[in-house]
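*Asks:* What follows is the residue order along each chain.
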Amino acid sequence: MNDDTVTVMSALPVVLLLTSLVPALLIFALREKQTVLRTTLNLAGAIAKVVLVIVLIPRVVAGEELRAEFTWIPGLDIVFVTDTFSLFFVALSAGLWLATTIYAVGYLEGSPNRSRFFGFFSLCVTATVGIALAGNLLTFLIFFELLTLVTYPLVAHRGTRAALRGARIYLAYTLGGGVALLLGVAWLTLEVGPVEFRAGGIPEVAEFAARDPLTATVIGAVLLLGVGVKAALFPLHGWLPIAMVAPAPVSALLHAVAVVKAGAFGIIRIVEDVFGLALFAELGMLQALAVVASVTIVYGSVRALAQDDLKKRLAYSTVSQVSYIALGAALLSPIATAGAIVHMVNQGFMKITLFFCAGLFAEELKLSKVSQLAGVGRRMPVTSAAFTIAALGMIGLPPFAGFISKWALGLGGLDAGQPWVIAVLLTSTVLNAAYFLPIIATIWTSPRSESEGSDEGTFPAPARRSGWEAPASLLLPAVATALFVILFGVAAGWDYSPWVLAQIVGEGAWP
Amino acid sequence: MTVIAFSDVDVLDMLVVAAVAVTAILAIAIPRRVGATIAFLVFGLLLALLWARVAAPDVAIAEAALGGGVAGALLVDALHRRQPAQPNRDRRRAVAITAVGAALGAVTFAALATVLSRLTAEPADLGPLALEAVERSGVSHPITAVLLNFRNLDTLLEIAVVVFAAVGAAALSRDRIRTVTDPGPVRRVIAVIIVPALVLLAAWLLVAGTSEPGGAFQAGAVLGAALIIAHLCGVRPARAAGGRALVLVVAGLLAFILLGGIGLAATGTWLALDLSWAFAAILAIETLLTVSIGVALAMLFLAAGSRDDAAAADRAADAPALGGAP
Amino acid sequence: MAVMWALSFVVPLLVAATIAALSLGAGEARTRARELVVQYAWLAVVPTGIVASLDDGALKTVDWMLFGTAIRLDEVGRPLVLLAVILYGIALAFVPRSISERPAGLNGFLLLCFTANVGVFVAANLVTFYLVFAAMSFLGYAIVVHDRTTSARRAGAVYLVMTVFGESAVLGAFLLIASEGVTDVLDVPAAVAASDARDVIVALLIIGFGVKAGTIPLHVWLPLAHPAAPSPASAVLSGVMLKAGIIGLLRFLPLGEGAAEPLWGGLLVTLALVGGLLAAVVGVLHDNPKVILAYSSIGQMGFITALIGAALLEPAIAPAAIAAAVVYSVAHGLIKGALFFSIQVWDLSRAPTWAVVVPQTVAALGLAGAPLTAGFIAKYVSKESLGDVALPGLPVVALADLLPWFAVGSTVLLARFAIAMSRRSRRRTAGKPISTTAWAVLALAAAAPVWWLATGFAPPLTVPGWFSPGPVVDQSWPFLLGIALALAAAALARRPRFRDARLLHPRGDIVPEGDVVVLLERATGGTMRGVIRASGVLGATRDALVERVRRGPSPMPTVSGVQARLGTWVVSGALAVAALAGALLFVVLAGGGG
Amino acid sequence: MTTLQLFMYAGAFILVLGVAATLLVRDLIRRLIALNVASGGVMLLLLALADRGDGEPDPVPQALVLTGIVVMAAVTGIAIVLARRVEQLDDDLEEVEQ
Amino acid sequence: MSAAALVLVPVFLPLAVGALSAVLPRRAAATLTVIAAVATLMVAVLLGIAVLDAGPVRLEVAGWAPPVGILLAADGLSVVMIGLSAIAVLAATLVAAADDHFAGGHAFWPLVGAAAAAVNGVFVARDVFTAFVLLELLTIASVALVALGGTRSAAAALRYLFVAVTGSLFFLLAVALTYGHTGTVDLARAAERADDTVIVGAIIALTVVGMAAKTALFPLHSWLPVAHPAAPAAVSALLSALVIKASIVILWRIVEYFGPLTDLAAPLATAVGVAGAAAVLWGGVLALRRDRLKSIIAYSTVAQVGYMVLLVPLVFTASDPQVAWIGGILITLAHGVAKVAMFLAAGALATAAGTSRLDGLEGTISRMPWTVAAIGLAGVSLAGLPPTLGFVGKWMLVQASLDAGAWWWLALLLGGGLLTFAYTARMLRATFNPPGDFSGARELTRPARTVAIVPLALAALSVVLGLIPWLLIEVLSAAPMGGGA
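Chains as they are written, first to last, in the numbering used here: chain A, 1 to 511; chain B, 1001 to 1326; chain C, 2001 to 2594; chain D, 3001 to 3098; chain E, 4001 to 4485.
Isolated chain A, as found in the complex:
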């Protein structure tokens, strides 16, 4: 929110929230058999949100800010503001939620407890949109905790022993983070009064830091610790691979849209809109964050190498990729900030495609191990093509979205006078290549018989006659998001492309 934006009080932000809250509550009330009603509710909510976002983008880019607030306790309000950065994240969530909903409807065909699933599914996006629209640190905290609570039943959805164990560990990590965040927020609110996000940092916080730098640093560290758990920074990433127990649409949602992104969004909010980059650097926190992010990037990639389970490998890859965003946020240059912000979208679309494809492989051919994927290219060419596009994007090859953010982060690193950033980026690229390219190679080139497939190398025959390799509701989202990965890469120069929007947001943080 730089100074020339005009703030308009309006209920639109709340409507944005309701588009997924109302369906959620209604779906909870549905009986298991009312599939059609449930799907229509789901899709209606998702489409309504996307339409609203499309309506809002031009207005917000033109500098108009919508604000809705109501008092929580005297002196502290719950505030929703649609500034450029929040709308950016809402757009990401809305888009990917639509795709994931379609995918989930197809994926969970015939499985039990779907009302419960889709209810919590919509609540999860409500929480994510709430986090995005939060105007002050308190609202952010409320929805951040809500996200933890709402994703717990999703991870534990299947009810198997492993699912429950995974959910328990996930809960332990994220609740621990939530407690740290509560401490940080309460303490800062006590010292400085209600903490309203302002691009470039809040003057009161700056003057408080001048007064008492040690406490400011401690508060900053605690806040980062709080959001760091969800952003899967190095020591706190343990839950991500374990949460792979969840069904594929949940993993897709968790990794690409909601939880991990909320963590990264939180980091950027705290670093840029609460403390402000200059102050954060002055307190020495920025370098620390950069180092932690870099360590996570390399660690995530290294661990991904050793995973034979496809979803685990993607999980570790997420651990590494999200820290790109943290790294970008931790560099003192507008390009790096823009790079971090755009990577939220790029990583979102790429990772969700990968998970969709992983889900497709698991659903259609019951393959979940990388070693089993030999020669899948012939049996499921479209899915494999989508997987390849997304994987190449993750490595950061030019025509795809991943390159944009890697290029921006590289330039940002140099601009911020930290040349070692390039070394980190390059090692990460090589490591990414080391764990993605072999998959692509096995998918396309190695003949079927070589894999230890139980039958004599042939795949289970396609269940349907329509000639499609997988049900449309699973295939279309994967292909759509893959196309977006290309589009965001190729059309990065277009006025409303994520890269241009990210730059607009990035400049906001540099008054």
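The set of hints was computed from the structure by calculation and includes no laboratory data. Please note: incorrect hints may appear among the correct ones.
Short derived list, chain B residues pointing at chain D, Cβ under 7 Å [as the list claims (entries may be wrong)]:
hint	residue
1	Val1011
2	Ala1071
3	Gly1105
4	Val1107
5	Leu1147
What you are looking at is a predicted structure, and each value in this text was computed from that prediction instead of being measured. Every residue gets a Cβ at the ideal spot worked out from N, C-alpha and C, and that includes glycine.
Once you've looked at the hints, dock chains B, C, D and E against the given chain A.
*Replies:* Frame of chain A, contents of chains B, C, D and E only:
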């Protein structure tokens, strides 16, 4: 601090206090139940005597009737019913517990004594204030004035305690109260002589309460005792159990609440009694309270003794109803 | 003109897309349509040919694409684009007739490669260059691994690993350059020269483009990839894709910018010389014609990098050296392409043997630099452009004198190639006359376009008279010496005593293909496995740690034990009395004082 | 040592004795007796405080004591009923949680 | 009816209805009690409005001024607490009316009336002796209610009776000391006249120990896990949510009035705080160990009591005691609402699944999603996680402890929340379907509709209050604690 005759403490007080302390220790220390109960009864009576010494006649009567009487009846009845096998008491553990108890008790007593020693000796100003307000209370006896006018909310709540204790007890033993069928000659005589006397005493206490020591509680206790004896002696209508009795018990409480409502309507504040009709109101409510307390205490006793009465009353014939109920 | 450029890029992509779409579903109509499209796929290159010849060289930009893509056809790019058009055209025509299965897939990828390759030659800003360079490299993998044999997959794997490292190096260099604030390709050399991270950038550029241009330590993928790929693909791979590395070095190295680069220049030249020597020595020991040609390419690429190294050493000669490098690249492209095509023609075409052998020998002579051929002009022009540049290490020997020895080496190699070809049997199955004649024209008339190109570069380059005695003599002695050596070796080989001498009748097992690659493979395989094991160990220790913490001495059982004891009436009663005593005691003691 | 102090200390003694016994005795009826003794002690203390000066004693504490006695009677009543049920079912005296 | 007259309605109405329902048939008694609960709720709202306008509402019963007469006053705390009691009683009685299994017998109705009256009385009492009598009435009613819980509940009820009456006796001793020292039993006048620090210290100490026993604060908590599970579900809900609150409010009142008078108060308060901290940890750990639904929730109460007394030390140390007071009160309110929901839901699950052991509850999440959702949401509120009311209270207590620089309370608040959600998650996990059998087909006796709806409605209420708590806070700050009635 006025000095009394030959020594600062009247020898009689010292005697009574010593007696009370000794009986208290006995009631606590005697391991067998029978001994403890007897000691407790004696303790109750001595306590009543002590209250007289402390110039609290009303309390003395109440103590004698409720503390010694009804509570005693309940306790004796409990003993009479059944003596559970004493769990094997290994000596060492018992000694340890008493030692710990004694030590902690001593410490508490010492601390409490020092705290009490800091209390001043002059009387509180509350007394005179209350006494001069008595004229405007509608009754002449200060205790009754406090109970039924100044702090009538306490009394209402206290009645509620008794009523709901009775309701609770009745619920817990609803199904097992039996009537006493063949009381035998001795009991019939008692019933004929004592029950009317007790009822008369209760009535007198009730009326006297407005001017001298007495009042609803004491009368209620005596009435309760009368009912219990009547029941034990085969007076069937005196069987304080079942719906009818409950109505009587609850009536007292409902009346009191109604009185509060009337007070509100008349004077604008709950339970306020206008001087003009204060006396009548107090007397009326006292009578109802007496009945209510009496029946409630009888119910408590019967509920407590319920199961085994059935055993005693297995002899067939129903005794002819004796004299009307009060 | 911009529309033409758009068309030139879109048409091949469109054709590739239709091939992909058609090959998706099954059905008779689809396969027949697909066959047709594959037959005429080579037409897709024509628009690029037209636009390349007519283009006025202006900068054309598409802002909304990537960070703003821009292309510009300058005099360095034009000839290479035309070379690409020719070679890709012929290759696309050859594929349907070649024996490789799934020709549609191959043609599709060739078309994609063509677009990327042309893009590399015309890219005008850093990001576009990196886009097309990366695309071309990774599409190259698809071609190399097309036959899906185990050797093809091994070659593909090595190619991929080398490409990834090359990519990263180029990306690193470009990021450093971009941070200097420059994007247009033309003013990159000046920026690099001026930047303080100059050495790092140059090093990264040399590594990055060295991989693609096959300079010595990074050449290992070449001898593996060429035999693995189908021959038309190898022709394109060797003829045009290697040139991408060359144009990279030409565009981005600080040639002719202020201070000389003795260190990097010297390094490049030495690597080139070693390359030339190694290529000749190892190439001879193989009997598979494609491997021999691969090593010959390594030698020729070494020659061009020597030119670039010289330009680094002596900035004055830069323009001449660049022009010479371009001429030599085009010449080598045309001839090497022709030779690779000749293998397929030799195998499959029904044309009489003499009709195949004559164009082949003319091409081989051209490669060796014999007079009246393209090679003659290229070598002469290069030697002239060098002037008296000498290696900083040994100033006594001028670089120009060393170059002829390249010619000796390549002549011996070509002799070896001829022997190997003679042993191959001819199956004479298919062969449309048009594509064979096109090949023949390419082989025979290679000299003309090269001569015309050299005159185009006249000012810095001096064009040799066809028959002027000086150049003819300079060029022919290395060629003749080579022939002599080959004949001597052949004579020796026929002697009964040496019938089974492995040295004289090599079957390619003394030095395995890609020579150093085996060591490299083992090394990368080792590190890869090491890293995987390390990460496994890391994961294991972390889990063990978490497990130990979780199973640590939990207070739980003791607590519920104590609660059980605490629960009895007596003990909880005692606690209550104790609490009372404690509280009152505290009050009295603490208060007592007050 | 004035009468007031005599009564007060006696009251305190009986109270502490009763409370300690209530909390430490396992047998239900003896525990109930101890409870009544303890309440007697508190009433004594209150009445002693009511009759401090030589004038008429303060009626309010006496009314309070009266109420207290009635309440204790009710409590004893219901305690006896419960004790009876516990003993009839020869329930485990040591009421620990199931 | 002037505002002052409203004060006694929450006491007399339930009492009258209780008395009537002793003699009326079950159906009539149930409807009457529900109507009384609704009426009390409305009166609470009216009182709230009155307090908002003119601060504390005072009522001199029977028209006599304090030293002689009894003063009752409704301030912010009383209004909020009467609201809680109305809601809790309404919920419990609705469920009990729907399924007699929850009530445990016909006597449930009169005794619930008595308990409600007593609790509301305690919230408005400003006279220590009246408070004593109210506590006794509450004890009698609660003990009888617990005893309704079937055969084995008599022993638990008796133990509860002894502990409660002993606690009351300690309090009666404090009343005696108050009268002895200040010559009056009215709180405000006594506070004005008290000057001897030792006696005031003794009064506070006795009240603390007495009330600690009655509200099951840590060292003296052993009776609660015995008594609450033994009682019928609706009774356990009322006991945990409401009955223990009466003694806590008396503790708060004594601290409010007598705290500032003596410097002995601060160390006593810290002792209470330490006991509270121990309670949170002890209760939490044991809740993780027990495998019966009701025992877990009972130990959760033991833990949450720790939080409720946590405001006592904070009031003395924080620079702005109001924040600590309001935070503590909101946490108590949140605990009340959540605990009723949790116990009723647990009762529903236990009756449906036939057992209250955790391992017997498999598959219930599919058959009774609303009930399990209620437990989940209630657990969230107990743990003080947003968006529930518990979070508001916890937020303010965290602010207060940060303000007071008391790190240990802070760690306790944060750690305690985690522990709370740990055992809630444990309960939730037990209800998931066994792998494979997705329909949770195991035939469960389907509970009545209201039994499923009421707990969820309460849980939803705690979320709504969590999002818009400012109304409650306005009422609480309109008549602040320590401001004196």
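*Asks:* Does each hint hold? Answer for all of them.
*Replies:* Tested hints:
| no. | hint | in the structure |
| --- | --- | --- |
| 1 | Val1011 | violated (11 Å) |
| 2 | Ala1071 | holds (5 Å) |
| 3 | Gly1105 | holds (4 Å) |
| 4 | Val1107 | violated (9 Å) |
| 5 | Leu1147 | holds (5 Å) |
In terms of the numbered hints stated before, the structure departs from hints 1 and 4, listed from lowest to highest.
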